[in-house]
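Quick mapping for you: the protein sequence lines, in order, are chains L, U and A.
For the first sequence, the residue numbers in the numbering used here are 5 to 282.
For the second sequence, the residue numbers in the numbering used here are 15 to 555.
For the third sequence, the residue numbers in the numbering used here are -19 to 298.
Take every hint as true, because none was put in to throw you off.
In silico EDC-like pairs for lysine to aspartate or glutamate, Cα to Cα no more than 20 Å straight-line: (1) K187(U) to E160(U); (2) K408(U) to E53(L); (3) K419(U) to D384(U); (4) K442(U) to D38(A); (5) K419(U) to D400(U); (6) K93(U) to D69(A); (7) K442(U) to D328(U); (8) K419(U) to E53(L); (9) K(-18)(A) to D120(L); (10) K335(U) to D400(U); (11) K419(U) to D56(L); (12) K442(U) to E33(A); (13) K383(U) to E515(U); (14) K(-18)(A) to E121(L).
Since the hints were made in silico from the structure, they are not lab data.
Here is how the chains run, residue by residue.
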Amino acid sequence: MSAADATAVRAVTRTRGRFRVALSVGVALIAAWTVVAALWPALAPYDPEAQDPLARFLAPGGAHLLGTDQFGRDTFSRMLAGARPVLQVAPPATVLGVLLGTAIGLAAGTLGGLVDEIIMRVLDAVAIFPAVIATVLFVALAGRSVTVMVLVIAGAFTPIVARSVRAATLVEREKAYVEAVRLRGGSTVREILPNIGPTVLVEATSRFGDAIFAAATLSFLGLGQPPGSPDWGASVSDNRLWLTVAPWTVLAPALAIASLVVGIALTADALRGRREHA
Amino acid sequence: MTTLNPYLNSVNMDDPGNAVLTRLPGLSRRVFIGGAALTALLAACGTGTTAQTTPTTEPAKTPKRGGVLKAGSPPPPTKVDPVTMYDGTAIAIVQLVADYLIWLDKDFTLEPRLAEKWETTDGGTTWTFTIRQGVTFSDGTPLDAETVKASFDRLLDPDSKSAALSAFDGVLKAGGVAAPDTHTVTFTLERAFSDFPYLVSAGNYNALILKKDYTGGGDIIGTGPFTLTTYDVSTGAVFTRNPTYWQEGKPYLDGVEIKFYADDQADLLALQSGEIDAQILSRPQLVGPLKGAGDIVVDQVPGTGLTAFTLRTDQPPFDRKENRQAVAYALDRPGVNTTIYDGVGALGNDHLFAALFPAAPTDIPQRAKDPAKVAELLGGQKLSFDLTFDPPSKDLALTLQNQLKQAGIEVQLDQRTSADFYGGDQEKDTPWLFTAANLVGWAGRAVPSQFIIPMVRSDGVWNGSKYANPALDEAAQAYDAATTEEDRRAQAAIIATALHEDVPVIISVWAGTVRAYNGTKFAGVQAHPASYVDFSEVTAL
Amino acid sequence: MKGFLLRRAATVPLTLLGVSLLVFAATELVPGDVARTILGREASQASVTALREQLGLDRPWIQRYADWLGGFLTGDWGESYTLGVPVHDLVLDRLGHSLLLAGVAFALLAPVAVGLGLWAGVRHDRAADRVISVGGLAFGAVPEFVTGVILLVVFAVKLRWFPSGAQAPEGSGPLIVLWHLALPALSLVLLCTGYVARHVRAGTVASVESPYARAAELRGLTRGQVVRRHVLRNSTVPAASALGVQLQFLLGGLVSVELLFTYPGIGALLLQAAVDKDLPVLQAAALVLGLLYMVIVLGADVAYRLLDPRVRLGAVTS
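So here's chain L without its partners, still in its complex pose (with noise of 0.2 Å):
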């Protein structure tokens, strides 16, 4: 073996202890808050719905880990309860926006023409229609649910997606490799999706951080979460009135929210390194 022959050796397996290091922190994150999400009740030291009058405003340390909201209620029961909500819109809003999205930006990529043409401006209008209308209009409609919320996000991000996923086919189709699937008169789409995936990821790490924020959106407006939900978004905007008096009220639930989303775009980053270097 060569000296150079040894280097590469070692870099790939440099690079892949790295890819094990990066999975494991984000399997680790993500199954850690599943696991809070689903005993919270057992790990909570309070109910984290109960208020005190006489206990507002701690710091953290003392009885309570990490202080106490304007409420007299406990931060970290109420982060570690809002793993909850959290983990019950976001993740299905996601798969759903992104799998529509990519149906959607994958048929206009492929099919082209007319049908491309008409797809497109009818996500333009989907886009522009402004979302305000859409959620208070399918909420007074539909009713405040789970169902209703993961709907309403997956419907906002599908063109977003599409129009990523479609500029992304576009450019696999071009190439020789589709062209000679064409020639043969194979599936395109089958050739092409693989090659579409980085950017698929890319849009499901970034739409599942802003998936958390919707959902809070909707929550802060009165039609997601009900009002008091320790769901962490809900939580970073009913709390940060009081930022200055009591900013580890914000910090906690913002810090969850950023701990699951990296989480996930460790795991994510490391399953397509781990593909791109076998």
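We have chain L already, so just place chains U and A on it with the hints.
Using the frame of chain L, we list chains U and A on its own:
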């Protein structure tokens, strides 16, 4: 996705959040403000005398002149029109520019402004007001009795669409105002009403005296301490000193700027960063925790604002009186006061007489949390209901839900948008008057009748509990007509006892109000129980 | 290319018409009453009914839509129901502010995000890449009203280096205007950088590892030359697409930043109009934003065709 803000809806005068309070950090500042207010009060009282006589007791207190006060407030939801306005910012803007016949002081006493004096000669049916002479509008037009008459005729016109029509309902109608000479205005009422002066005071906030030719949407020209220079629906309003203001020497400021903040937090941070010097509509829950931090001073006054927890007495589950009482006994009222009003409110006792009202009964025991009583009243039955409210009442709803849960009463929260909650037809279906249980904020009123007549009389326009009690109806009428203090108290006792016993509405806390300002730059900014503004005595430091 | 542009331009009015009809119809179904909003809850029901008639709200919605459309097309955008000011001036004034803020944010975002994405892509799977990717996502996961508040508390309240409001006083010079816009623009850049950088990185990685880039390297070009000659060009395709998406967000989705920094932009106006059911304002704001959005998308698509030779060829063949 667009992020939306539930607090975007501008602050309605009846937003309960509007009514909360806090205190001054430094003793020295408090004393100084007290002194300044006293001087001002003496100056205001002596219409014939000049203020020069006061410095003998208070040497070297000539107020400094100049400076521009910048105040933050939510943008008005509508065009500013004194006749139809109802939100705190619009009211503040017009109050800087125009005057009432009578101002409402922070302790609810009546202070003569454009009316010098008033009297009734027949037990409260006919009222004669003497109009101040020598007052001119900022454009030079002189004030006379005809102008005052025109201002009230404008409000009383059934086509005016003014909320004042509701306030005058059953008391005064179009045609009841006359101007027999240039300085006298008489009001002929539909029934005797001993508190009538309150209805033509600032307590009826649309009752401003405007020029005869004012029409909705036109320039707002008044006799007030400032004149409106520019107004922009997006950014704010700029005022300059009215050099011909009738209260000589005032205002001390050169001008006032009101900047619009659609977001509570932006308003708060602007105050903390020094971008603005004061807030028009401070919320105790938000400025309370800032007390004493940096330059921020929070003035507070007790008030008569409230959030009515209305229970529909004509349908299950609250057609059963014991259920209503059980809810009332399940509440930890001091806890509500601390959490929602930062401790500046006063405990309520489920009747509509705040301790500030002179006729308030004192012998009804204060209702307090009593789990045993709750269990007894419920008699083993499970109580569960939906509570409907709009975003400004969200925090209160959460606290009530939590407290009732501890007493075994289950509450499902039904939050609506403000447009939805107050939309619909008030005679048929509007949620705030037709849901089984709801939370409705009411700004402070100067007299209890302003609550009792619309809210709990059987024919009240805003009787959301659908409460009907002939004894109370009769006592409410007699209360308004009462001419002696004794008679008043007797009627008040009947009304309060009935409400306390029947609990059509739960009044857990009487909100106080607060106003936060920068104490290193200005003095004399005061809280007002109805969040009104009078900046004519504010001085720059 | 000309045919493409013409075809696309022709669909714009149709799309806008459809959207306006939908907005109008949808607003009808949302609970609430603009007449009640104007008069307040203490006005009598009779007054509210009278105002509804005066505003013509008692007529069937299709008739009101036709009236509004007729007016809109002939340049009469009407008056705001609630604010009583001409819609045309109000909407365009607010739009101008939004364009300025979006422009400043975009001018910061584009070079920073594309630069970081390229760097991460060229050095993919190294430390720099990791930091950029994870950091971008983490910032992208914190709502702009949180980063915004933190920036405000630190730089406006504590240090007092920047003003807390984003609107400069009338007649300020460009530097003062920029100084006022710095904090809101920064909070937006923090939010959007991750998304754009990740798209650029994905495109860069693909082209760095593509056969032609490898071939170029084998021909003796340095990494830097390869990046400049081949990778850069190929990465601009996803960059244009991702930046297009963000530009649309910057123009229409700034409600929370506008509110937090008290900036009179069109996002907050659109929201308020929707909440109040102020249809003339809502329609005008939605259509102006929609038009702008479609122009941006079209621009991105054109850029796309010009930048990518393969798509360019594809367009010719199709």
